[in-house]
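Student: Starting from the two chains in their separate frames, assemble the complex, guided by the hints.
These are the residues of each chain, in order.
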Amino acid sequence: MSGWLLLAAALAVAVVVVVALPFLREPAPASDALRELDGPERELLEAEEERDRALAALKELEADHRAGRLSDDDYRSVVGPLRQEAAQALRTLDRLAAGTRDGGAKAD
Amino acid sequence: MAELGRAALLLTLGLSAYALVAGGAAAWLGRRRLAHSARNALLASFFSTLVAALVLVVGFARDDFSLAYVAGHSSEALPIQYKLSAFWGGQEGSLLLWLLVLTAYSALAVWFARKRARDLVVWVTPVLGGIALGFSWLLVAVSSPFETIPAPADGNGLNPSLQNPYMVAHPVFLYLGYVGLAVPFAFAMGALLSGRTDERWIVATRRWTLVAWTALGIGQLLGAHWAYEEVGWGGYYAWDPVENAALIPWLAATAFLHSVMIQEKRGMLRVWNVALVSLAFCLSLFGTFLTRSGVVSSIHSFTQSAIGPWFLGFIIVAVAFSTAMIWLRLPQLRTTAKLESLVSREAAFLYNNLLLVALCLTILWGTAWPMVSEAVRGESVVVGRPYYDFFLRIFGLPLLLLMGIGPLVAWRRASLRGLLRAVTWPAVIALATGVLLVALGAGSSIPGLIAYTFSTFVLAAIVVEFARGTAARRALTGEPVPTAFAQLVGRNRRRYGGYVVHAAVVLLAIGVAGSSAYDSVAEGRLARGDSLSVGGYTLTYRELTERDGPNATEIRAVLDVRRGRDDLGTIAAGKNAYSVEQQVSNEVGIRSDLLTGEDLFVIAEQVRDDGAVVFRVFVKPLVNLIWLAGIVFVLGSLIALWPDPREERRLATRYARAEERSETPATT
Numbered sequence: 332m333s334g335w336l337l338l339a340a341a342l343a344v345a346v347v348v349v350v351a352l353p354f355l356r357e358p359a360p361a362s363d364a365l366r367e368l369d370g371p372e373r374e375l376l377e378a379e380e381e382r383d384r385a386l387a388a389l390k391e392l393e394a395d396h397r398a399g400r401l402s403d404d405d406y407r408s409v410v411g412p413l414r415q416e417a418a419q420a421l422r423t424l425d426r427l428a429a430g431t432r433d434g435g436a437k438a439d
Numbered sequence: 004m005a006e007l008g009r010a011a012l013l014l015t016l017g018l019s020a021y022a023l024v025a026g027g028a029a030a031w032l033g034r035r036r037l038a039h040s041a042r043n044a045l046l047a048s049f050f051s052t053l054v055a056a057l058v059l060v061v062g063f064a065r066d067d068f069s070l071a072y073v074a075g076h077s078s079e080a081l082p083i084q085y086k087l088s089a090f091w092g093g094q095e096g097s098l099l100l101w102l103l104v105l106t107a108y109s110a111l112a113v114w115f116a117r118k119r120a121r122d123l124v125v126w127v128t129p130v131l132g133g134i135a136l137g138f139s140w141l142l143v144a145v146s147s148p149f150e151t152i153p154a155p156a157d158g159n160g161l162n163p164s165l166q167n168p169y170m171v172a173h174p175v176f177l178y179l180g181y182v183g184l185a186v187p188f189a190f191a192m193g194a195l196l197s198g199r200t201d202e203r204w205i206v207a208t209r210r211w212t213l214v215a216w217t218a219l220g221i222g223q224l225l226g227a228h229w230a231y232e233e234v235g236w237g238g239y240y241a242w243d244p245v246e247n248a249a250l251i252p253w254l255a256a257t258a259f260l261h262s263v264m265i266q267e268k269r270g271m272l273r274v275w276n277v278a279l280v281s282l283a284f285c286l287s288l289f290g291t292f293l294t295r296s297g298v299v300s301s302i303h304s305f306t307q308s309a310i311g312p313w314f315l316g317f318i319i320v321a322v323a324f325s326t327a328m329i330w331l332r333l334p335q336l337r338t339t340a341k342l343e344s345l346v347s348r349e350a351a352f353l354y355n356n357l358l359l360v361a362l363c364l365t366i367l368w369g370t371a372w373p374m375v376s377e378a379v380r381g382e383s384v385v386v387g388r389p390y391y392d393f394f395l396r397i398f399g400l401p402l403l404l405l406m407g408i409g410p411l412v413a414w415r416r417a418s419l420r421g422l423l424r425a426v427t428w429p430a431v432i433a434l435a436t437g438v439l440l441v442a443l444g445a446g447s448s449i450p451g452l453i454a455y456t457f458s459t460f461v462l463a464a465i466v467v468e469f470a471r472g473t474a475a476r477r478a479l480t481g482e483p484v485p486t487a488f489a490q491l492v493g494r495n496r497r498r499y500g501g502y503v504v505h506a507a508v509v510l511l512a513i514g515v516a517g518s519s520a521y522d523s524v525a526e527g528r529l530a531r532g533d534s535l536s537v538g539g540y541t542l543t544y545r546e547l548t549e550r551d552g553p554n555a556t557e558i559r560a561v562l563d564v565r566r567g568r569d570d571l572g573t574i575a576a577g578k579n580a581y582s583v584e585q586q587v588s589n590e591v592g593i594r595s596d597l598l599t600g601e602d603l604f605v606i607a608e609q610v611r612d613d614g615a616v617v618f619r620v621f622v623k624p625l626v627n628l629i630w631l632a633g634i635v636f637v638l639g640s641l642i643a644l645w646p647d648p649r650e651e652r653r654l655a656t657r658y659a660r661a662e663e664r665s666e667t668p669a670t671t
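As they're listed, the protein sequences go chains A and B. Be aware that the first sequence starts at 332, since it is given in our numbering, and climbs by one per residue. Be aware that the second sequence starts at 4, since it is given in our numbering, and climbs by one per residue.
Chain B with its partners taken away, still in its complex shape (with noise of 0.2 angstroms):
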């Protein structure tokens, strides 16, 4: 069975130097067949892909030991789905992973941009083609799933951290936004290979970036959760190199996203989205080899090898690449149309722009200097939380702010008047939040004061341009409120979408800072019958229980709680001794209000052997809002992402000409 999995790696490795090779040729050339060729061998290269990963899927769901990736990453007693996700668990799947999905992105933003932007294509296969080549090359020469050992009796398992459901999803979500953001680049770089700047690129790719972009910010939170429950320290972001490596990117393409719209409302920004777009990836690069290189110590990172090299010979390939081929059609991508006002909705864009690159720059610097310090000095520096809360305030808030006003601006020019009324009401609904906010005691942390209170404003505006838009509608139409709310919607979905994505950030800000900045811990070793209060909680020691699990033995120490006179029922916390891979799991205990939105959370720290226990529990206000933000988020990505019929009419009455033109067999 190895066979055909390194045997379809090795075709995917000659389809996509094909695609690369011939696909340039081809664009260079003129050559309408071999572009073609091309294009299918991008496509083919999925399916070739496809086959290697099933392969490997097969050997997992049949402990095929002799496959030295299966005997190091599962075990026979590891349930089902881990089994599965175990595909992912280590290097070789990783990247066999990212390979599948890049593919697989590939085979349908050429597919569904081939008559649209049919000239465009032909520059996109070969670029698609080359970062394809690359991870091919590392799976067929460096790094093979597909390596095969005399088969052991049963294999080394899995990663206790790993078998957890949120880890069966989050490396997928995470893959899908980095390697998608390769669309939108491969594009962008093929619209300057080819010289056409116009907009095709741009709408060629706008759902592939969003779904991109909502996939690792999905990704992220699930991460996030992942860490939370699994880890073991009462939080669910560290500042962990790994963790930033996903969040530097996705704030590369949530600029690009806001800037892309400049683009298409004003015509600037033109190098702006491609050395943005460009950013984007490279940064997606670098988040791949952060995780995968194994140059950091994380506990996000399961792996040690050889392949840091060729990866950063591929990020500097690619930085290369991008920036001369934007120092190379400068002239054509700049434009005549200029900011108007320094007050106008392009203007806010901007400003946010500029607040999110730098938090991004500012995450990044922090992320890479301990390895360019050890690089350049020998030693390691630690760069902790205090650097990454302090510009988190520092371009975070305003930033939150803006979430706010932008909106509220109109394009083009506003007077200063104008805003300060169109503001009004939002400020002067967030000034008395925060008064209450004080009155109530939330005082004793500023920035968590100043997060709440730029949020409700946020929320305003949003009810406030909603509650607008749909009074507007109704006195054009005279709609009924539902109908003129959901057509209001309806016909401005990426605006509106996008609102509810601004949502989803304030709901993110409130969990973050509530249960940040107002939690509650306390410490303690307990005998059975010995309580511990914290945050209004009384937890009492009960037992300890012991069962075996499918593949681990799961001790639990279970406590009984109350909050004030209230009978809260039982909370478990313990650790799960894994037999296989000779490994012990925290298994952390959390009881959610879903009312307040706030979790009790325990560890179990120790269990000794007289039976007490080391408990550390504690109180996070507000801390569900977190993962009811991801629901949200969902939900405004879906509305921006979905299509509308008048657009796409409107779309495919201004290409239809391009279209018509590059069908016509040419008379030469």
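Looking at chain A on its own, in the form it has when it is part of the complex (with noise of 0.2 angstroms):
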């Protein structure tokens, strides 16, 4: 055999002790499910993700005004609907995080 099969067979031994590693740390673990988010925190994350929105979409529209690309009319027109749509995601936050939080209590 040449130095280079025993270094391929080197590299491939390597490369399944690698692989192998999560089932060699773990040879009974307590549980091997996947831990993914259930229905109401992935609604809480895309509520996040909402309320980031809007909140940096108000800030945006006040640097907008600040620096002249919005007309005092338009700022108007827009900012009150803004406003609104980030209260209501803050609510819509509120409600999803305290239903986690009872939830969890509940479980433990």
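Just so you know, these hints were derived from the structure itself, not from any lab. None of these values were measured; they are calculated from a predicted model. Do not take every clue at face value.
[Stated by the list, open to error] Okay, the calculated bits of chain B under chain A, using three or more residues with CB under 8 angstroms as the criterion:
1. 10-17
2. 48-56
3. 261-274
4. 406-416
[Said to hold, decoys possible] Think about it this way: if two alpha-carbon atoms lie no more than 27 angstroms apart in a straight line, the pair counts; the simulated DSSO-like pairs of lysine-lysine are:
5. B:268 with A:390
6. B:268 with B:118
7. B:341 with A:390
8. B:268 with B:341
[Unchecked claim] Cβ-Cβ distance ranges computed for the label pairs, FRET-style:
9. A:336 with B:638: 46 to 54 angstroms
10. A:393 with B:383: 57 to 65 angstroms
11. A:426 with B:274: 23 to 31 angstroms
12. A:412 with B:439: 43 to 51 angstroms
13. A:393 with B:597: 39 to 47 angstroms
14. A:393 with B:330: 39 to 47 angstroms
15. B:466 with A:347: 53 to 61 angstroms
16. B:330 with A:371: 25 to 33 angstroms
17. B:573 with A:335: 47 to 55 angstroms
18. B:548 with A:336: 49 to 57 angstroms
Beta carbons are placed, not taken as given, at the ideal position from N, Cα and C, and that holds for glycine.
Tutor: Right under this line is the structure:
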């Protein structure tokens, strides 16, 4: 067997060890199930994204207005609905967060 | 040594197959250890591919001509930098480079997203494994770089066209771009497979998309510069199918980079975004297919091979899979947010997207039509420059204008009066420039004139944007101008980085318009002492020189250059005769005026036995702005790419819950 083939064999052993590592580390785990976000948690995540979007939009609107990209009239026509959206996003987030906390407490 | 290379590729094949099958099973059955094992296989596939690549590099460096690929693409006399770049000078090496870049991107993307989007990565792993499987199969079973032969005394050498510094870097950047598009594609598919259509796939791939898009852009500019210097026809882009193959996915990725912002800001265009990212990836496969299959004859395509059907199959699978996934998840991708006004930033982005996709598809059609025609009717038709130029003007000029208008419009809705007020100054400056250009005689080309006027509008709009932003920040914080400016850019990197990229596109447009619409050309057979005049220059043929280079005989015709009464020195153009390769290359002479951006470009078409030379000489105004645009483009991309700690903290907070949850051991 040539030296190159020995190197190839060593490489094969190394990658097999790397691939098998999760099983070697935990031969008999208490649970092997993947942890995934459940329905309420996914809703919560999406609500957090919605809140960030609404708050970022408000911030950007203020910056656009300050920089003169937006006239006073245009600013006034947009800022009201945007604030309502942001408030709605925060309310939804609070409701969902409370629900998740309650769910967690009941599970405990 | 070849055994090690073959074994390493075989390992990559096995690891990719494992990542696909075990990763798919783990995601489907919800098995944690199996998912981690599949992810490890993807990480390990990078190292096994790296070993294969190093074996090939060593083969080239040591002139190991027992490797058929090395013998076919190198020689003992080849300078060392070209021995290394010969790695990707042919089919097999190019595919190996593709696989190396793919496994590197896959390992890095999966590793960095392993916490923030753990449940997504579980589904991304089999997708990336599937792509790597396709390429490693080609390298193991169809087109191996480790085939051995009885070693000849010397190799065949490298195609002289590839013996150019730009060709050392151009393919690497191009592949970094093509292959990089696999990452957003895999994450988008992972999101669809898992049914998690929140923004995490976008957040996880934002930088990878930008890196791939930047690399593809740089790769194209390097390729254009190579064509300009090396091909010797006086241009830099000829709408060649292989050139188009890189432009098409870049245009789709440009559309995606814009439309994804609408999803981030407004939660809209979810279907459009996954469709665009799939299109960009499938087009990058198509680009590789065009370049590597030998299906088109092109000055940029250096291979003829049998991998075409495999590639076509691969593209069909990718298109069918992504279309099926989008169709399957349509209900989850629908959004309640709607476009509020046709005069708004998101509407401008939408128009920009429609124009970019229209331009992308028309170029795709022009590129594919000769092949389709040959397959269906048995005769190939040529889609020439007028077709592309027409659509570039129809879609490209409005795109240029939109680049200036878009940033001046507010999100959601703006009144027409507000819009008019915002565009007043840039429009006045642009119109004044247009009138001035007509007065200076630039009216000879209407598209050129429009391009210049629109370009001025965009540049003025960018300057106005920076000035307004800085002034607003100063008013708020009282900071001095330089600090306010730096803070403005630092706190809005993607936005202002994007504006710098827009400035680069404008420079490119000015350079292209100037060098193509206003260039001058002259041709003549000159004996020693004869002169030729073009574009204000006078060239006098002085002498013919000959010297031995490292692996070629270099013949140069030397000309004295004068402009008016100014002596501008000499310029040399000629030919290289490569002994091993038995080929002759054109070596052009270029004199750049960095102040005006103009090039004097000399081609020695024929060197006659009597010492006379047939010259073709171009004067190309503003052509250097194209290369300057490349530098500005990289600068803008770096600004947009640079991590923003505030943004990172915000995202970390947002996804901390998902991270915690996925790290909690299961109780079942």
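Student: Now tell me, hint by hint, if it's right for this structure.
Tutor: Hints versus structure:
1. Counting residues of the stretch 10-17 of chain B whose beta carbon lies closer than 8 angstroms to any beta carbon of chain A gives 3, which reaches the threshold of three, so the coverage claim holds.
2. With 3 residues having a Cβ less than 8 angstroms from any Cβ of chain A, the stretch 48-56 of chain B passes the three-residue criterion, so the hint holds.
3. Judged by the Cβ-Cβ criterion of 8 angstroms, the stretch 261-274 of chain B is covered by chain A as claimed, because 4 of its residues qualify and three suffice.
4. Figure legend: the stretch 406-416 of chain B, annotated as covered by chain A; annotation consistent (6 residues with Cβ-Cβ distances under 8 angstroms, at least 3 required).
5. Taking the CA atoms of residue 268 of chain B and residue 390 of chain A, the gap is near 12 angstroms; set against the 27 angstroms cutoff, the hint holds.
6. For the proposed pair residue 268 of chain B and residue 118 of chain B, the alpha carbon gap of about 24 angstroms is at most 27 angstroms, so the pair holds.
7. Distance hint between residue 341 of chain B and residue 390 of chain A is fulfilled; the C-alpha atoms sit about 20 angstroms from each other, no more than 27 angstroms.
8. For the proposed pair residue 268 of chain B and residue 341 of chain B, the alpha carbon gap of about 12 angstroms is at most 27 angstroms, so the pair holds.
9. At roughly 49 angstroms, the beta carbons of residue 336 of chain A and residue 638 of chain B sit within the given window of 46 to 54 angstroms.
10. Taking 57 to 65 angstroms as the suggested C-beta distance range, the pair residue 393 of chain A and residue 383 of chain B conforms, at roughly 59 angstroms.
11. Between residue 426 of chain A and residue 274 of chain B the CB atoms are about 28 angstroms apart, so this pair conforms to the stated range of 23 to 31 angstroms.
12. Residue 412 of chain A and residue 439 of chain B have their C-beta atoms about 44 angstroms apart, which keeps the hinted 43 to 51 angstroms range intact.
13. The given range of 39 to 47 angstroms is respected by residue 393 of chain A and residue 597 of chain B, whose C-beta atoms sit roughly 43 angstroms from each other.
14. Hint check: residue 393 of chain A to residue 330 of chain B, Cβ distance near 41 angstroms, so the stated range 39 to 47 angstroms holds.
15. A hinted range of 53 to 61 angstroms holds for the C-beta pair residue 466 of chain B and residue 347 of chain A, which are about 60 angstroms apart.
16. For the pair residue 330 of chain B and residue 371 of chain A, the beta carbons lie near 28 angstroms from each other, so the given range of 25 to 33 angstroms is met.
17. The hinted range of 47 to 55 angstroms is satisfied by residue 573 of chain B and residue 335 of chain A, whose Cβ atoms lie roughly 53 angstroms apart.
18. Separated by about 53 angstroms at the C-beta atoms, residue 548 of chain B and residue 336 of chain A satisfy the suggested range of 49 to 57 angstroms.
Taken one by one, the earlier hints all hold for this structure without exception.
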